[in-house]
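K.L.:
Sequence:
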Amino acid sequence: MGACLALPCSIASCASCLCGSAPCLLSSCCPSTYNSTMSRLAFSFLLLLGTLVSIIMILPGMEDNLKKIPGFCVEGTTIIGGRVNCNVIVGYKSVYRMCFAMACFFFLFSILMIRVRSSKDPRASIQNGFWFFKFLVLVGITVGAFFIPDGTFTQVWYYFGVVGSFIFIIIQLILLVDFAHSWNLSWLEKAEEGNSKGWYAALLTVTILNYALAFTAMVLFYIYYTKPDDCTEHKVFISLNFLFCIAVSVVSILPKVQEAQPSSGLLQSSLISLYTMYLTWSAMTNNPNKQCNPSLLSLVQPNSPTPTQGPGPTPAPGPAQWWDAQSIVGLLIFIFCTLYASIRSSNNAQVNRLMQTEEGTGLTSDVEATPGEDGVVRAVDNEEDGVTYSYSFFHFSLFLASLYIMMTLTNWYKPNADTEVMQTSAPAMWAKISSSWLGLALFLWTLIAPLVLPDRDFS
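Under mature numbering (1 follows the signal peptide of the UniProt record, and there is no 0), the residues of the sequence shown are numbered -17 to -1, 1 to 442, in order.
Source of the hints: derived by calculation from the structure; they are not laboratory data.
It is possible that part of the hints are untrue.
Here are the in silico distance ranges between beta carbons for each label pair [unchecked claim]:
id: 1; residue 1: Ile94; residue 2: Pro132; range: 52 to 62 Å
id: 2; residue 1: Leu223; residue 2: Trp428; range: 12 to 22 Å
id: 3; residue 1: Phe118; residue 2: Val233; range: 43 to 53 Å
id: 4; residue 1: Val146; residue 2: Val126; range: 25 to 35 Å
id: 5; residue 1: Ser101; residue 2: Phe130; range: 31 to 41 Å
id: 6; residue 1: Val233; residue 2: Leu42; range: 44 to 54 Å
id: 7; residue 1: Ile326; residue 2: Asp104; range: 21 to 31 Å
In the EDC-like style, the derived pairs of lysine to aspartate or glutamate whose C-alpha atoms are separated by at most 20 Å in a straight line are [unchecked claim]:
id: 8; residue 1: Lys117; residue 2: Asp104
id: 9; residue 1: Lys273; residue 2: Asp213
id: 10; residue 1: Lys273; residue 2: Glu216
id: 11; residue 1: Lys273; residue 2: Asp212
id: 12; residue 1: Lys103; residue 2: Asp368
id: 13; residue 1: Lys239; residue 2: Asp438
Quick caveat: nothing in here was measured; it's all calculated off a predicted structure.
Note that beta-carbon positions come from the ideal geometry of N, C-alpha and C, so glycine has one too.
Taking the hints into account, I'd like the entire structure generated from these sequences.
P.N.:
In structure tokens:
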């Protein structure tokens, strides 16, 4: 993205892109595309940049290294005479403040962009330009966030994070449904064009692989996350989600569903089943009952000590606390979904309605970006007659994504006001497992909607 914005241009040209309302400049490394796509990519880049800063802040050993700087760290308030409280600028507290700043930034834009109908609206120029000033606003909010007193900030913001992350998990599943739909449609079209056996074999292989991984995960969950006389919640979670995945898979290949939606199939169901197993695993890792929630290290090295008590007084900055497997997987899924949401071009009517976008509005190579009078190539303005996506909803999604990143990087642990440590919590477990159920229900709706509402156009 940086390469796409760093152009060999004159000072006036760069000022037009960074400070003006013109569509973002393109370079030879970027394909001809729409300004709507470039704007979404740029905002996503800001989110990913904030995520990278948060990851650096929470790295194990950062606080110890800062304390080695003579006269830099001080206890008490955040900043005193050039010295800072290193407990606030690193660790989970810094992640909470960084993500709070990003959430405020995107929520502000979500409110500002309500009911923008076309690029002729003056607010559209703010959406598609003035990048330097928007970056300064984000930096300013971030700096201000580190002046927030400790108090109850982290405890209150934790519950905002749980609710926002719950909603964002649903958005992630909708994007995965859309991705699987586009994937399936693309390979079917290639199979019709030629070498059908090869493409059908590829579809079958990927589908079987997804189901095999989901089934293997289910078996491992029963082995390591349940006990004969305990862990009733886990047994219910695993069994229900396994049955739900079978149900949506069967529905996706019913003759009536296939007739109404020929592009629906087992590839989408297999990907959703695998994602549901991930959510099930992620929920179980937040169970406060350590007997039912073994650490990954104890599974790999059986001789390593396993905690036998509840949340335990383990300090928050511990290396094994933040970088466990489910957090890394969650981070990778987040990055994929964020970038996909910026360039997506879907013809799935139900998904487009849920995501408030129009058909075929993503990255494309069919447009020609012609040089302007100053010789600079700019993105094509494709929103003069109407916006191709809801500006307000897009920013609200990034607002939720900021909360999701906060919870993912801190393992959904709950801050304890008395002991100043992070601990697993039941609300996080129930938020994740509930989101998996609601996500499956939404996927089921995308399958049966044309049958339930036959008078509505879902083509």
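K.L.:
Please go over all the hints and tell whether each is borne out by the structure.
P.N.:
How the hints compare with the structure:
With their beta carbons about 26 Å apart, Ile94 and Pro132 fall outside the hinted range of 52 to 62 Å. For the hinted restraint 12 to 22 Å between Leu223 and Trp428, the CB-CB distance of approximately 18 Å keeps it satisfied. About 50 Å separates the C-beta atoms of Phe118 and Val233, a value consistent with the hinted range of 43 to 53 Å. Distance hint check: the CB atoms of Val146 and Val126 are about 26 Å apart, consistent with the given range 25 to 35 Å.
Checked against the hint of 31 to 41 Å, the pair Ser101 and Phe130 passes, with Cβ atoms roughly 39 Å apart. With their beta carbons about 46 Å apart, Val233 and Leu42 fall inside the hinted range of 44 to 54 Å. Hint check: Ile326 to Asp104, Cβ distance near 23 Å, so the stated range 21 to 31 Å holds. Our distance criterion of 20 Å between C-alpha atoms is met by Lys117 and Asp104, whose separation comes to about 18 Å.
Annotation: proposed proximity of Lys273 to Asp213 holds, straight-line Cα distance about 11 Å (limit 20 Å). Proposed proximity of Lys273 and Glu216 is supported: the alpha carbons are some 13 Å apart, at most 20 Å. Restraint check: the Cα-Cα separation between Lys273 and Asp212 comes to about 14 Å, which is no more than 20 Å; the hinted pair holds. Annotation: proposed proximity of Lys103 to Asp368 holds, straight-line Cα distance about 8 Å (limit 20 Å).
At most 20 Å may separate the alpha-carbon atoms for a hinted pair to count; Lys239 and Asp438 meet this at roughly 16 Å.
Hint violations for this structure: number 1 only, all remaining hints satisfied.
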